[in-house]
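Asks: Please build the complex by placing chain B on the supplied structure of chain A, with the hints as guidance.
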Amino acid sequence: MNNKYNPALFWFAVLNAVATFLLIGLGGLVTSHEAGMSVPDWPTSYGYNMFALPIKFWTGGAFFEHTHRLLASVVGFLTTILAVWLWLKDSRKWIVWLGVAAFLLVIAQGILGGMRVKLQMASLGIFHGAVAQTFLVLVCAIALFTSRWWQNSETQKQISVPRGLRKHIFYVTILIFIQLLIAATMRHQHAGLAISDFPLAHGKIWPDASADAIARYNAERIETYNVKPITAFQVELQMVHRLVAYTIFLGIAAAAFLARKKLGGRDALTKFAFFWLGLLTLQIILGAATIWTNKAADIATLHVMVGALALLVGALWWLVAERRTRLAV
Amino acid sequence: MKISSFFLLLAALAFLPVAHAGDITGVITLKGTPPAAVEITPIKDDPNCSLSYPGALPKTKFYVVDANGDLADVIVTLKGISAPSTGASAPSVLLDQKGCLYNPQILAVQTGQKIIVRNSDNCVHNIHTVPKANDPRNVVQMPGGADLTFVFDKPEPFLKFQCDVHPWMFAWVTVVDNPYYAVSGADGKFTIKNVPPGKYTLEAAHRKLGTQTAEVEVKADGAAQNFTFEVK
Chain A
1019 MNNKYNPALF
1029 WFAVLNAVAT
1039 FLLIGLGGLV
1049 TSHEAGMSVP
1059 DWPTSYGYNM
1069 FALPIKFWTG
1079 GAFFEHTHRL
1089 LASVVGFLTT
1099 ILAVWLWLKD
1109 SRKWIVWLGV
1119 AAFLLVIAQG
1129 ILGGMRVKLQ
1139 MASLGIFHGA
1149 VAQTFLVLVC
1159 AIALFTSRWW
1169 QNSETQKQIS
1179 VPRGLRKHIF
1189 YVTILIFIQL
1199 LIAATMRHQH
1209 AGLAISDFPL
1219 AHGKIWPDAS
1229 ADAIARYNAE
1239 RIETYNVKPI
1249 TAFQVELQMV
1259 HRLVAYTIFL
1269 GIAAAAFLAR
1279 KKLGGRDALT
1289 KFAFFWLGLL
1299 TLQIILGAAT
1309 IWTNKAADIA
1319 TLHVMVGALA
1329 LLVGALWWLV
1339 AERRTRLAV
Chain B
122 MKISSFFLLL
132 AALAFLPVAH
142 AGDITGVITL
152 KGTPPAAVEI
162 TPIKDDPNCS
172 LSYPGALPKT
182 KFYVVDANGD
192 LADVIVTLKG
202 ISAPSTGASA
212 PSVLLDQKGC
222 LYNPQILAVQ
232 TGQKIIVRNS
242 DNCVHNIHTV
252 PKANDPRNVV
262 QMPGGADLTF
272 VFDKPEPFLK
282 FQCDVHPWMF
292 AWVTVVDNPY
302 YAVSGADGKF
312 TIKNVPPGKY
322 TLEAAHRKLG
332 TQTAEVEVKA
342 DGAAQNFTFE
352 VK
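First to last, the protein sequences are chains A and B. All residue numbers for the first sequence refer to our numbering, where the first residue is 1019 and numbers rise by one. All residue numbers for the second sequence refer to our numbering, where the first residue is 122 and numbers rise by one.
These are computed hints drawn from the structure, not numbers from a lab. Glycine residues also receive a C-beta, built at the ideal position from the N, C-alpha and C atoms. Heads up, a few of these hints could be off.
Said to hold, decoys possible - Computed cross-link-like contacts, SDA-like style, restricted to lysine to any residue with a CA-CA straight-line distance of at most 25 Å: (1) B:314 <-> B:232; (2) B:182 <-> A:1249; (3) A:1136 <-> B:252.
Stated by the list, open to error - Stretches of chain B that chain A covers, calculated by requiring three or more beta carbons in the stretch to come under 8 Å of a beta carbon on chain A: (4) 162-175; (5) 240-254; (6) 259-270; (7) 281-292; (8) 325-336.
Chain A on its own, in the form it takes in the complex (with noise of 0.2 Å):
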């Protein structure tokens, strides 16, 4: 049955992405600037109605974390309504219940979120922050479903996407994702750099990563925000995020050059493909710009909004290329 499209409720949809990303900037925000328990009570703030807390204690790490809990309670009322609208105006079974899966997962991530902070649980944090990318990708995929293109692509001509081409791609969203995981685990250590060089690491092409060396590296260290001391797992899963950085630049790079082999130069998939492979230039330089800068909560929390980005170019590529492919056939 073919869907009719509905302008409202795609820019709808697209909002209710926008505000998301905003979200996990603001999220990066929090983290980037250790801020994360600087409101003690949930879901009250201060013992105050979330809603009413005054503007003056709307200060330091509390503006941070007040701010970012007052627009998640912005998307998940937007998320409601989205689950709502597809459930009351779109007739594909399928993308209801993706809005319904939207709405438990934006309920979830609310709870986890107020679990972080009522249990003092870093580690859920590390959830928080994957729970928030995939919420991210279901969104917009959300989107991607309900726009004209999706909606009328079956009365256009669709050029196939190789197998091999769509399978690579997949592949390497799959390993963006692993990258935010471990991206999301080295900032819930909340141990600041675990190595403040770059491109060497501790001087070397691979750091030291003895307990005298740890040692020496925490005495050296003059934290000015309050960060826990540096261990030889943080070092080493910083060269592991570095590793996994240059993998997915290669296997983006490939990835565009075979689209533009395979699919052509003027390909809008093409160029998505080399737009992504601009991103994750970008990307790049903000790692390295986040050590260079001692890690700035700015510079920290574009690199976070960036890794989204990639994450998010990847899996619309990939949904893309299917449904062309299956068209096409």
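Replies: Leaving out everything else, chain B in the frame of chain A:
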């Protein structure tokens, strides 16, 4: 017992050897040049906290060392002593939040001893403990709010207090389960008073430089033991 026998017994007791408690004293020094303290620049971006610093911003205090190399803020404890904590009856210790900094930044208490946390600032702070052995706690303290009391029941080195509203604010509290400990002063000196005679392991712990130990024997006139930390 005849009166003469009683006095004879008293005289004998008076000449019996009695084990007197002694003090352990020493000086902590630092060899080498530590990393320079840096200005806590995030303070200037906070409209409340920056009011406390119209001139120069405060600096980090990880290495409090004088021109002679005397090192402050080293926690010295005795290992292997079987003495119960007297924390419940010990005077409480004040941990003040003033100028958006914790004061002191390093302190030591006993298990069961009260730490009074005060907000002397005109802004809100959250007091967030990040322990490894004790239970964590995170509470808000409004400006002018009542003092808060923290008590820890398990020994733990360098238990962190932090404020997440002002993430440059932190202090470390070492919790010990006996009354025999000291924190080195600005002159690097420390004294652990009234230690029962015996052989012990003395441990000196610095927040950045790790720990050192030494075997000491406390006699009636006490014992002396210095420590030298080195910046590699």
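Asks: Run every hint past the structure and note whether it holds.
Replies: Here is how each hint holds up against the structure:
| no. | hint | result |
| --- | --- | --- |
| 1 | B:314 <-> B:232 | 18 Å, holds |
| 2 | B:182 <-> A:1249 | 22 Å, holds |
| 3 | A:1136 <-> B:252 | 16 Å, holds |
| 4 | 162-175 | holds (count 6) |
| 5 | 240-254 | holds (count 5) |
| 6 | 259-270 | holds (count 4) |
| 7 | 281-292 | holds (count 10) |
| 8 | 325-336 | holds (count 3) |
Going down the numbered hints, you'll see the structure goes against none, and every one checks out.
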